[in-house]
Amino acid sequence: DAKTTQPTSMDCAEGRAANLPCNHSTISGNEYVYWYRQIHSQGPQYIIHGLKNNETNEMASLIITEDRKSSTLILPHATLRDTAVYYCIVRGNNYGQNFVFGPGTRLSVLP
Amino acid sequence: DGGITQSPKYLFRKEGQNVTLSCEQNLNHDAMYWYRQDPGQGLRLIYYSQIVNDFQKGDIAEGYSVSREKKESFPLTVTSAQKNPTAFYLCASTPGTGPNEQFFGPGTRLTVL
Numbered sequence: 125d126a127k128t129t130q131p132t133s134m135d136c137a138e139g140r141a142a143n144l145p146c147n148h149s150t151i152s153g154n155e156y157v158y159w160y161r162q163i164h165s166q167g168p169q170y171i172i173h174g175l176k177n178n179e180t181n182e183m184a185s186l187i188i189t190e191d192r193k194s195s196t197l198i199l200p201h202a203t204l205r206d207t208a209v210y211y212c213i214v215r216g217n218n219y220g221q222n223f224v225f226g227p228g229t230r231l232s233v234l235p
Numbered sequence: 212d213g214g215i216t217q218s219p220k221y222l223f224r225k226e227g228q229n230v231t232l233s234c235e236q237n238l239n240h241d242a243m244y245w246y247r248q249d250p251g252q253g254l255r256l257i258y259y260s261q262i263v264n265d266f267q268k269g270d271i272a273e274g275y276s277v278s279r280e281k282k283e284s285f286p287l288t289v290t291s292a293q294k295n296p297t298a299f300y301l302c303a304s305t306p307g308t309g310p311n312e313q314f315f316g317p318g319t320r321l322t323v324l
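Chains as they are written, first to last, in our numbering: chain A, 125 to 235; chain B, 212 to 324.
I should point out that these hints are in silico values taken from the structure, not numbers from a laboratory. Backbone N, C-alpha and C define an ideal beta-carbon position, used for all residues, glycine too. Mixed in with the good hints, there may be bad ones.
Straight line, CA to CA, 20 Å or less: simulated SDA-like cross-link-like pairs of lysine to any residue [what the hints assert, rightly or not]: (1) B/268 <-> B/251; (2) B/220 <-> A/165; (3) A/127 <-> B/255; (4) A/127 <-> B/312; (5) A/176 <-> B/311; (6) B/268 <-> A/177; (7) A/127 <-> A/174.
Pair by pair, the computed Cβ-Cβ distance ranges are [unchecked claim]: (8) B/291 <-> A/190: 51 to 57 Å; (9) A/190 <-> B/227: 53 to 59 Å; (10) A/164 <-> B/226: 25 to 31 Å; (11) B/233 <-> A/143: 26 to 32 Å; (12) A/181 <-> B/228: 40 to 46 Å; (13) A/200 <-> B/324: 30 to 36 Å; (14) B/238 <-> A/193: 40 to 46 Å; (15) A/132 <-> B/272: 27 to 33 Å; (16) A/226 <-> B/272: 16 to 22 Å; (17) A/227 <-> B/272: 36 to 42 Å; (18) A/175 <-> B/270: 24 to 30 Å; (19) B/324 <-> A/177: 50 to 56 Å; (20) A/191 <-> B/320: 39 to 45 Å.
Negatives, chain A to chain B, calculated, CB over 12 Å [unchecked claim]: (21) 138; (22) 139; (23) 167; (24) 232.
For reference, chain A alone in the conformation it holds in the complex (with noise of 0.2 Å):
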């Protein structure tokens, strides 16, 4: 799987966007990305996932660049409930290829 580096950590304030960012440079092409959120001591939520056309969905846009390279969580009113550590992941298809998270990024909502 290829591996993902997101920034340790992010502040936004209540009601702004968030934006979050992850860089996949060595993502293949039937690799997905993938992005999850854990709220502290709780199981993580998954959030949305694309493979190149950008996604949207009732929590959240996924934006990927042409290039595939890097991708761009937005979370467009962030609120306090949206405080957590955020995973982006990248994963293929094919059988045994497994969800790789790494630290993530803590975002911070600040009211």
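Put chain B on the given structure of chain A with help from the hints.
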């Protein structure tokens, strides 16, 4: 409701004892996983199973064992050979191959006294 259950939520054991953590899913998923998480760290893969009666070691399998006798169950045994077993343990499942998200249970916090 469909989902993944882990029990118990908190578990204490004495050093030198084996302990088994339960993981059950009613999502009809083929693949199941066990992760370990230490404070301030990401998740590390212990074992995974893609189908019944088959499982593979992850990155940190030493001191752990698993079984997959039923599709819905994937128990993890933390043996006395695990040198530092105090951690947060997470179970997860996916439908199998394909661009499917991984679903997580609520976790079990194991403390060795």
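Hint numbers not upheld by this structure, sorted from lowest to highest: 1, 6, 11, 13, 14, 17, 23
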